[in-house]
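2 protein chains.
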Amino acid sequence: MIEEHIKQIEQKLGVNKVLIGEKVKERYEHIWEMDKPLCAKAVVFPSTTQDVSDILTICHKYHQPIVVHGGLTNLTGSTETNADELVICMEKMNVIEELDLSSRTITVQSGVVLETIHQEVEKENLLFPMSFGAQGSAQIGGVIATNAGGLRVFRYGMTRNLILGLEVVLADGTIISSLKKIIKDNSGYDLKQLFIGSEGTLGVITKAILRLQQKPKSRNSAFVAMNDFENVVSFLKFIDEGLAGTLSGYELLWERNFKAMTNPSTNISKPLSYGYKYYVLIESLGSNHEQDQQRLESLLEEALMAKLILDAALAQSVQHTELFWRIREDVDILVSQCNNVQNFDVSLPVSEIGTYVDTVFNILNKIPEIDNFFAHGHVADGNIHFLISKSNNSTELIDKINNIIYTPLTGLGGSVSAEHGIGIHKKPYLKFCRSNEEIKLMQSLKTALDSRGILNRDKILNHQ
Amino acid sequence: MIEEHIKQIEQKLGVNKVLIGEKVKERYEHIWEMDKPLCAKAVVFPSTTQDVSDILTICHKYHQPIVVHGGLTNLTGSTETNADELVICMEKMNVIEELDLSSRTITVQSGVVLETIHQEVEKENLLFPMSFGAQGSAQIGGVIATNAGGLRVFRYGMTRNLILGLEVVLADGTIISSLKKIIKDNSGYDLKQLFIGSEGTLGVITKAILRLQQKPKSRNSAFVAMNDFENVVSFLKFIDEGLAGTLSGYELLWERNFKAMTNPSTNISKPLSYGYKYYVLIESLGSNHEQDQQRLESLLEEALMAKLILDAALAQSVQHTELFWRIREDVDILVSQCNNVQNFDVSLPVSEIGTYVDTVFNILNKIPEIDNFFAHGHVADGNIHFLISKSNNSTELIDKINNIIYTPLTGLGGSVSAEHGIGIHKKPYLKFCRSNEEIKLMQSLKTALDSRGILNRDKILNHQ
Chain A
1 MIEEHIKQIE QKLGVNKVLI GEKVKERYEH IWEMDKPLCA KAVVFPSTTQ DVSDILTICH
61 KYHQPIVVHG GLTNLTGSTE TNADELVICM EKMNVIEELD LSSRTITVQS GVVLETIHQE
121 VEKENLLFPM SFGAQGSAQI GGVIATNAGG LRVFRYGMTR NLILGLEVVL ADGTIISSLK
181 KIIKDNSGYD LKQLFIGSEG TLGVITKAIL RLQQKPKSRN SAFVAMNDFE NVVSFLKFID
241 EGLAGTLSGY ELLWERNFKA MTNPSTNISK PLSYGYKYYV LIESLGSNHE QDQQRLESLL
301 EEALMAKLIL DAALAQSVQH TELFWRIRED VDILVSQCNN VQNFDVSLPV SEIGTYVDTV
361 FNILNKIPEI DNFFAHGHVA DGNIHFLISK SNNSTELIDK INNIIYTPLT GLGGSVSAEH
421 GIGIHKKPYL KFCRSNEEIK LMQSLKTALD SRGILNRDKI LNHQ
Chain B
1 MIEEHIKQIE QKLGVNKVLI GEKVKERYEH IWEMDKPLCA KAVVFPSTTQ DVSDILTICH
61 KYHQPIVVHG GLTNLTGSTE TNADELVICM EKMNVIEELD LSSRTITVQS GVVLETIHQE
121 VEKENLLFPM SFGAQGSAQI GGVIATNAGG LRVFRYGMTR NLILGLEVVL ADGTIISSLK
181 KIIKDNSGYD LKQLFIGSEG TLGVITKAIL RLQQKPKSRN SAFVAMNDFE NVVSFLKFID
241 EGLAGTLSGY ELLWERNFKA MTNPSTNISK PLSYGYKYYV LIESLGSNHE QDQQRLESLL
301 EEALMAKLIL DAALAQSVQH TELFWRIRED VDILVSQCNN VQNFDVSLPV SEIGTYVDTV
361 FNILNKIPEI DNFFAHGHVA DGNIHFLISK SNNSTELIDK INNIIYTPLT GLGGSVSAEH
421 GIGIHKKPYL KFCRSNEEIK LMQSLKTALD SRGILNRDKI LNHQ
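So the protein lines, in turn, are chains A and B. UniProt numbering puts the first residue of the first sequence at 1, with every later residue one more than the last. UniProt numbering puts the first residue of the second sequence at 1, with every later residue one more than the last.
Source of the hints: derived by calculation from the structure; they are not laboratory data. There could be a bad hint or two in this list.
Claimed, not checked - Partial selection, computed: residues in chain B whose CB lies under 8 Å from chain A:
{"no.": "1", "residue": "Ile183"}
{"no.": "2", "residue": "Lys237"}
{"no.": "3", "residue": "Gly414"}
{"no.": "4", "residue": "Val416"}
Every residue gets a Cβ at the ideal spot worked out from N, C-alpha and C, and that includes glycine.
Based on the provided sequences and hints, a complete structural model is requested.
Structure (structure tokens):
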């Protein structure tokens with residue numbers, strides 16, 4: 001028996017856009033990072049904003065909760081579904097509507113894959129700076145809904161900073177179309193800010209206009225080493241000032257990461273010798289490779305003389321640069337050295353990171369079930385990732401580790417999620433970094449925009 | 001007879017923090033840009049966040065509408081009051097609480113004047129990039145509440161991009177303290193985004209944590225000229241790519257502005273000859289004056305060869321640079337050449353600006369009551385300011401001119417306010433750039449956060 005409202009959706013959209021019952025399980029037997037087939041009442045495939053509006057109008061009327069599926073690369077359970085929920089799959093809304101070279105903007109439907117956007121704009125010598133590991137699968141709607149971060153936030157900002165226009169469908173089917181190409185707009189409330197980073201709980205993103213940059217002509221990278229965290233901070237200020245606007249990456253690895261990434265089994269040779277506490281990978285994106293390299297080299301010499309850094313290696317070729325970045329980015333190598341891996345993406349004020357990580361490492365070292373752990377991060381943004389390898393996946397052990405990582409953040413003014421969001425997995429820890437008043441205000445917003453709680457129910461906040 | 005709730009506020013805060021009746025008029029006989037004494041039931045002077053919370057708790061209970069006063073430099077009537085309203089004056093909340101050199105942040109109460117912040121951080125070789133004409137009076141609370149723009153938005157962003165943490169008191173007195181020093185935080189909704197740019201209608205800002213930058217070591221400026229608007233756009237892309245991250249200003253003047261600013265009466269000599277349609281002032285903020293100058297010079301030569309620009313003048317000294325910038329910034333010179341001046345701060349996609357301004361100029365030329373007009377703007381941000389000189393200040397003429405400027409923006413995807421906000425004056429024109437659905441959603445947010453409509457009532461949206 002098909003439920004009345006699913007039938008209505010079929011009538012509106014056509015049967016080829018609706019999948020029900022066993023067909024859902026057949027199609028979704030294998031989903032990345034999900035170890036079981038998809039469980040949902042139905043999956044619908046809108047191809048227009050009007051389709052999304054029609055679906056939500058019906059779902060709102062019938063109190064039908066929905067979950068939006070993009071590239072399914074979220075790490076906090078934001079796209080998890082249950083048998084009572086309906087999935088809106090955005091894969092048919094994958095049209096690039098316009099690449100405007102004068103305004104340097106691209107208008108895309110929300111199901112377009114991030115990497116497709118990169119490829120499209122690069123043809124025109126432009127750059128969409130948002131870049132992270134899962135970009136080959138992640139769809140731009142999800143990138144926006146989670147306010148993704150990634151590798152170039154220090155220079156270009158989080159996703160929030162890269163969005164000029166947004167089209168969203170509200171819970172009751174209302175289409176909010178704020179599709180402008182302008183950088184400055186103070187005509188009333190900036191509504192798009194509500195939806196960016198709200199993990200699909202306030203509206204369904206259908207289109208976006210993204211701001212593009214000129215593609216930098218040169219990329220220069222270097223590894224440096226230091227033993228005092230104070231120098232990690234001082235050198236950041238020094239190199240930021242010296243590179244004047246071109247610094248785009250400042251990535252920190254603790255020695256145990258650096259060693260794990262460059263041990264003989266990885267086939268990556270180490271650019272600097274072992275024995276330092278901290279290794280920092282810096283990147284400048286400029287306009288003239290030779291001049292930029294000279295500038296970077298003379299800054300590194302100056303920093304060595306001043307003992308801000310203890311050693312430095314400049315990438316001398318494109319291959320070299322790629323190798324340097326694999327040491328930071330190829331997280332699979334670390335994961336392959338872990339069992340039952342548990343990962344984190346906390347943030348805290350830059351000045352506090354050194355002591356915080358030392359303390360966490362000391363505690364982790366004393367727990368027999370933990371056999372290995374790593375830390376690296378976008379340190380200029382105050383963002384640290386931990387990977388923890390452990391003997392089992394018991395709830396007790398997971399909670400214990402969560403508490404070790406999260407508890408100190410409250411006093412330090414940190415966040416339990418710099419990038420990945422709250423979803424389901426981090427809900428119990430939201431109160432570690434947000435006050436009761438803040439959570440209550442979030443709840444009021446949720447109620448104001450989605451009175452029946454049909455949008456991504458129970459994600460971030462508990463359904464009331 | 002003092003009203004009961006004003007008495008309660010006096011009891012809570014102490015009589016020295018409350019001004020009533022004739023004393024209000026005495027103290028506020030002269031307010032910048034207001035031609036009459038302040039009209040209000042009372043003025044209160046909180047010195048702590050708790051004071052603000054106490055005031056709002058009482059005002060909420062008694063349905064007492066309030067208006068927040070900062071530096072009173074707003075241009076759209078956002079701080080206008082009437083005899084039924086209570087003014088919360090923030091001047092006593094003027095403490096800089098912390099300058100954190102490691103995290104490169106400054107924590108300030110909302111009554112701190114913008115220029116004071118500049119002076120404080122410059123001592124430490126740091127920069128708070130928000131900069132505009134009224135910075136000697138404007139308070140940071142107002143800067144944030146209006147999401148101010150200014151001269152360096154292209155590189156550093158609007159105020160929204162410069163705020164890490166915010167403390168706000170809601171209409172009912174609830175304190176929302178999101179005072180974090182972190183750049184990345186995806187733990188639930190980013191509540192501060194609601195208050196930034198909402199012109200005091202959703203909450204009263206009491207404190208903020210601002211992100212600072214290293215102060216650039218060198219500043220290089222140049223004037224260039226062109227006749228085709230297409231080249232204004234192409235040269236922007238060219239110079240943005242060539243200056244790779246250091247381009248921080250790209251300001252356009254139409255010839256009539258350039259002439260008005262450099263005619264003999266102004267004592268500013270013209271850096272380029274007359275006769276071109278467009279004059280662009282560019283600025284790069286870098287780390288090495290000589291190298292940056294060389295780079296800029298060779299880029300200008302290349303652009304001249306390619307006929308992207310027709311003439312160029314590089315500032316050769318600090319004095320020179322200041323003079324160049326006076327041509328753009330010293331708006332008083334233009335105002336002194338205007339009668340009954342009416343000004344605008346629209347934005348639209350960069351590619352549309354040339355045709356749009358031509359059209360507007362043609363229409364303005366045909367109206368006998370208009371004796372002069374100017375246009376200049378932050379063209380890289382799509383933001384154009386008009387100054388219009390006219391024979392009288394009749395409502396009919398003002399409306400007529402508003403319609404000339406605003407009507408084309410609807411079709412072009414522009415905004416009636418890039419920077420200044422809506423306040424009271426632009427309320428009738430909000431619908432020119434925001435849909436009914438958007439305005440309805442703004443109204444829902446207002447109701448959700450301020451159910452009794454006591455915060456800056458009738459600003460942006462009509463009280464319901």
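For a quick check of understanding: which of the numbered hints are violated here, in increasing order?
Of the numbered hints given earlier, the structure breaks none, since each of them holds.
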